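Undergrad: Sequences listed follow chains A and B, in order.
First residue of the first sequence: 21, per the numbering used here; consecutive thereafter.
First residue of the second sequence: 3, per the numbering used here; consecutive thereafter.
Keep in mind that the hints were calculated from the coordinates and are not lab data.
Hints may be right or wrong, so weigh each one.
What the hints assert, rightly or not - With a cut-off of at most 27 Å between alpha-carbon atoms, the simulated DSS-like pairs for lysine-lysine come out as follows: (1) Lys161(B) - Lys107(A); (2) Lys108(A) - Lys161(B); (3) Lys26(A) - Lys159(A); (4) Lys26(A) - Lys152(A); (5) Lys146(A) - Lys159(A); (6) Lys152(A) - Lys107(A); (7) Lys152(A) - Lys108(A); (8) Lys108(A) - Lys146(A); (9) Lys119(B) - Lys159(A).
Small disclaimer: the values here were computed from a predicted structure and weren't measured.
Here is what each chain is made of, one letter per residue.
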Amino acid sequence: MIRFDKVGKRFGDVTVLRELDFHVERGERVTLIGPSGSGKTTILRLLMTLERVTSGTIHVDGQCLSHMRRGDRQVPADERHLRQVRKKIGMVFQQFNLFPNMNVLRNITEAPVRALGVPREQAEEKARELLKMVDLAGKAHAHPSQLSGGQQQRVAIARALAMEPEVLLLDEVTSALDPELVSGVQNLLRDIAHQGNLTLLCVTHEMNFARDISHRVLMFDQGQIVEEGSPEQIFTEPAQQRTRDFLQAVLNA
Amino acid sequence: MIWDWDWTLEILPGLLTQGLLVTLQATLGGAVLAFVLGLFVALLRRSRRPYISRPVGAISEFIRGTPLLVQLFVLYYVMPDFGVRMTALTTGIIGLGVHYASYTSEVYRAGIDGVPKGQWEAAIALNLPRRWTWIGVILPQAVRRSLPALGNYLVAIFKESPQLSVITVVDVIGLARELGSERFRYLEPMTVAGLFFLLIAIPASILIRRMERRLDT
Ligand SMILES: Nc1ncnc2c1ncn2[C@@H]1O[C@H](COP(=O)(O)OP(=O)(O)OP(=O)(O)O)[C@@H](O)[C@H]1O
Ligand SMILES: [Mg+2]
């Protein structure tokens, strides 16, 4: 479903990713862990087309995300191509990024209506179902500023799902939340993960959560995969010293 | 010189109904034009096509760098040579609007830049078309951020509107001068006209400051 081939990413002089290869199967749920600055967010942002690769290629569902064909040459993807591939991918951000000028319902329906051309009534019906699922059925007409962080993040999740993505990217979606609000969002994501056949790519520092939802854990350091394996293996008997050090640091935090 | 109350009461209705009316027309007309035109200038200056953004930017800088007075003169006395004929008040409204559009466009620019990057990114992540990202997400937030500064320009336009008298618009100040010249006595009409400005500008400024505080939270 997702394939990185020798992906490199530089910001000016800073090389964040170097010849990164990995792939994720359809329906697979993968958690990325690793120290701050190791490039986890960058990977998700590349997939969401918020950043462009410096070198290498990314494929999503067999389609090249970073490049397109023009005649018999590979050229960097243009806006139209990006829109096409982006349809399959959704993302939930650490800071929610709800639209503060719209109520909850509108936040969820705006993209289906404007991007997919879904009739508004139909979009609203779907949005209400999603709101019920995220346990916010009564908040359709509330504004984001009237909601707690946990509620805002649940709306953001509903908003992403309204576009029916095949791949969902989660970047530390609970780290901006007050501790007592974390479990609500995690439980929701756990349900979503186990119900659907979403392909999930998740960055988190919550190891229990990672264990619950993922098939596979990738440990990153300095833009490279140091170790990968099942959650049991990585969390109970990591093979690499760097993984052990990292887990030690996280657990003691 | 003693204040002449009888004369004051005599000229007051005229100043209010003729003079102030013209002043308010010029102000509101100029402001609406400045607010609308400024938004388009701000958007055009952000165009990714340099053959659009560059000239618009240059013209805007030029207008901001030259006095309103000169622009009014050109509009009123030179444009008719090119076959453009308008009333003095219409010319004045266009002059004020165009001049202040070069300022309000900067206000909008700051407002647009102030919208958090996360809003753009959320729009991209949702595959929202660019057009709808602007209309539905960015501009509503940018305009909201711009309101206090726009309010200040509304007051500025109001206070600068007497400059329209150079192109024969008889606003409240112009009328006060006419009335004064009849008797060679300017104290009463000018004081009354000045008071009008104070009575409108001060509450307006307070309102704007209050709005600013409300929007901050
Ligand atoms: N837009 C940017 N410009 C310059 N440098 C950047 C930019 N984005 C990321 N970086 C750098 O790239 C590196 C990797 O950043 P990234 O956000 O991917 O790390 P991360 O693994 O998500 O870390 P964290 O756990 O702190 O979120 C960091 O050194 C960061 O400073
Ligand atoms: Mg990160």
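Undergrad: Run the distance test for lysine 26(A) versus lysine 152(A): straight-line Cα separation, threshold 27 Å.
TA: 42 Å, violated
Undergrad: Check the hint pairing lysine 161(B) with lysine 107(A) against an upper bound of 27 Å on the C-alpha distance.
TA: With Cα atoms ~52 Å apart, lysine 161(B) and lysine 107(A) exceed 27 Å; violated.
Undergrad: Does the alpha-carbon distance linking lysine 152(A) and lysine 108(A) stay inside the 27 Å limit?
TA: 24 Å, holds
Undergrad: Against the 27 Å threshold, does the CA-CA distance of lysine 119(B) and lysine 159(A) hold or violate the hint?
TA: Roughly 26 Å separates the two Cα atoms, so the pair holds.
Undergrad: Decide if the proposed pair is consistent with the structure: lysine 108(A) and lysine 161(B), CA atoms, cutoff 27 Å inclusive.
TA: With Cα atoms ~55 Å apart, lysine 108(A) and lysine 161(B) exceed 27 Å; violated.
Undergrad: Within 27 Å, alpha carbon to alpha carbon, are lysine 26(A) and lysine 159(A)?
TA: 45 Å, violated
Undergrad: Under the criterion that the straight-line Cα-Cα distance not exceed 27 Å, is the pair lysine 108(A), lysine 146(A) satisfied?
TA: 18 Å, holds
Undergrad: For the pair we were handed, lysine 152(A) and lysine 107(A), check the Cα-Cα distance against 27 Å.
TA: Between lysine 152(A) and lysine 107(A) the Cα gap is close to 24 Å, so the pair holds against 27 Å.
Undergrad: Given the proposed pairing of lysine 146(A) with lysine 159(A), does the C-alpha separation stay at or below 27 Å?
TA: 15 Å, holds
Hints 1, 2, 3 and 4 from the list above are not met by this structure, while the remaining hints are.
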